[in-house]
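Protein chains: 2
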Amino acid sequence: MLQVRDGRLQVLLWQRAQAPDLHLWSLPGGRLATDEDVATSIRRQLAEKVDVRQLSHVEQLAVFSAPARVPGARLIATAFLGLVPADVDPVIPADTRWCAVDDLPETAFDHEEIVLAARERLSAKLSYTNLGFALAPAEFTVSELRGIYSAALGYQVAATNLQRVLSRRGVLEPTGRTMPAGPSGGRPPALFRFTSRDLQVTDPFAVFRPPN
Amino acid sequence: MLQVRDGRLQVLLWQRAQAPDLHLWSLPGGRLATDEDVATSIRRQLAEKVDVRQLSHVEQLAVFSAPARVPGARLIATAFLGLVPADVDPVIPADTRWCAVDDLPETAFDHEEIVLAARERLSAKLSYTNLGFALAPAEFTVSELRGIYSAALGYQVAATNLQRVLSRRGVLEPTGRTMPAGPSGGRPPALFRFTSRDLQVTDPFAVFRPPN
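Chains as they are written, first to last, in the numbering used here: chain A, 1027 to 1238; chain B, 1027 to 1238.
Since the hints were made in silico from the structure, they are not lab data. Note that this is a predicted model, so its numbers are computed, not measured. Positions of the beta carbon are idealized from the N, C-alpha and C atoms, including for glycine. Each hint should be verified, as a subset may be incorrect.
Unchecked claim - If you want a taste of the chain A side facing chain B, the calculated C-beta under 10 Å gives, among others:
hint, residue
1, A1059
2, D1061
3, E1062
4, D1063
5, A1065
6, Q1086
7, P1093
8, Y1154
9, T1155
10, T1228
Chain A on its own, in the form it takes in the complex (with noise of 0.2 Å):
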């Protein structure tokens, strides 16, 4: 479950109370249960944290399987990228924590790997969807997206490029609204939000079709 928190991309971790890794920090999963499909099982494991009405988006990531990962009777991972937007601040236990993506704690087992893999597919995601709906809050300044993308890609963005390029996407559109005034004074800046929040592939193929 990844978020961008205090200008950082973030994922929502639990430490360990028991052996193997003990209080080493583990991302939420748990055993798929007879009855359940592998989505059906996230979503279970993820209530036990968190609020899931909260994710605005959940994806298969991949399979981690490598024969040794960890000890004892093997077990396979499928893992799950969760996004929280930026706005939302959910309530969770007490054994669990943010913890910036790019200055982990010590993670159990492969943890780090999976984490790693969730911030590339994001980072891939950004480039050629729409998937910053997931990140950002309902309505948002261009400054305040340009901070989400920068912390959810690891470099700065220019505001001016990234509000050009998603426009011109159809991604983004102006509210019509503006912030409410600062104390400084100055032109309050202008609200936008994302066009739709279902997972769209924004790369023009439509280029290909022919004309209707």
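With chain A fixed as given, assemble chain B onto it according to the hints.
Okay, now just chain B, sitting in the frame of chain A:
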């Protein structure tokens, strides 16, 4: 394993010789061995059917985990998408057959669902990556490439559009050579190649980056 053959997107299936689902058509695969991860396993399974060096691309597709997807003891499948270039004709065992994806025979278990998920992934990746390299021969005319994209996507693509878009993205380049002139005379068509045969997202994400 998908390939464009005879102008259609086709999948390699094998006919089951025992129950359950006797005589139905099935994707190549099998049990994960104790000393291998899923990527090693799928290479081993495929090698029992074809010369895997003929595969131009292999990637994890998704986990299929519905509780009753196969009868008997629970089985969870990690599905892979493999691609073969159009100019290769792999030697295949007698119990296997290339089947048109849009006209599948009766398939075993949930394998039709898996094949359709593979087609969807392929179609999406043709739009935002250079994945066409994995379906095309090393060199081809725009007309040949148009046939391959049209088959993989399931609708007719305009040759001029395809050439323009892929060239603009830096994915396609002329080889400087032309097809040998045919008996009808006329100007022989130019030969093209993909600039890279490694998977790359071609959407201009670079616009988000500050200039170097």
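*Taking 10 Å as the limit, does the beta-carbon of T1155/A come near enough to a beta-carbon in chain B?*
holds, 8 Å
*With a cut-off of 10 Å on the beta carbons, see whether D1061/A makes it to chain B.*
Holds. Min distance 6 Å.
_Quick check on Q1086/A please, does its C-beta sit within 10 Å of some C-beta on chain B?_
holds, 6 Å
*Interface hint status, D1063/A versus chain B (Cβ within 10 Å)*: Check passed: Cβ of D1063/A comes within 4 Å of chain B, closer than 10 Å.
*Mind checking the CB of E1062/A against every CB in chain B and telling me if the closest is under 10 Å?*
Holds: closest Cβ of chain B sits about 7 Å from E1062/A, inside 10 Å.
*Using 10 Å as the Cβ threshold, decide whether A1059/A counts as touching chain B.*
Since chain B brings a Cβ to about 9 Å from A1059/A, closer than 10 Å, the hint holds.
*For the hint on A1065/A, just tell me whether its beta-carbon gets within less than 10 Å of chain B.*
This interface hint holds because 8 Å falls under the 10 Å limit.
*Interface hint for P1093/A, Cβ within 10 Å of any Cβ on chain B*: Status holds, d = 6 Å.
*When the nearest CB of chain B is found for Y1154/A, is that gap smaller than 10 Å?*
holds, 4 Å
*Should the hint that T1228/A touches chain B count as held when the rule is a Cβ pair under 10 Å?*
holds, 8 Å
In summary, this structure violates none of the numbered hints.
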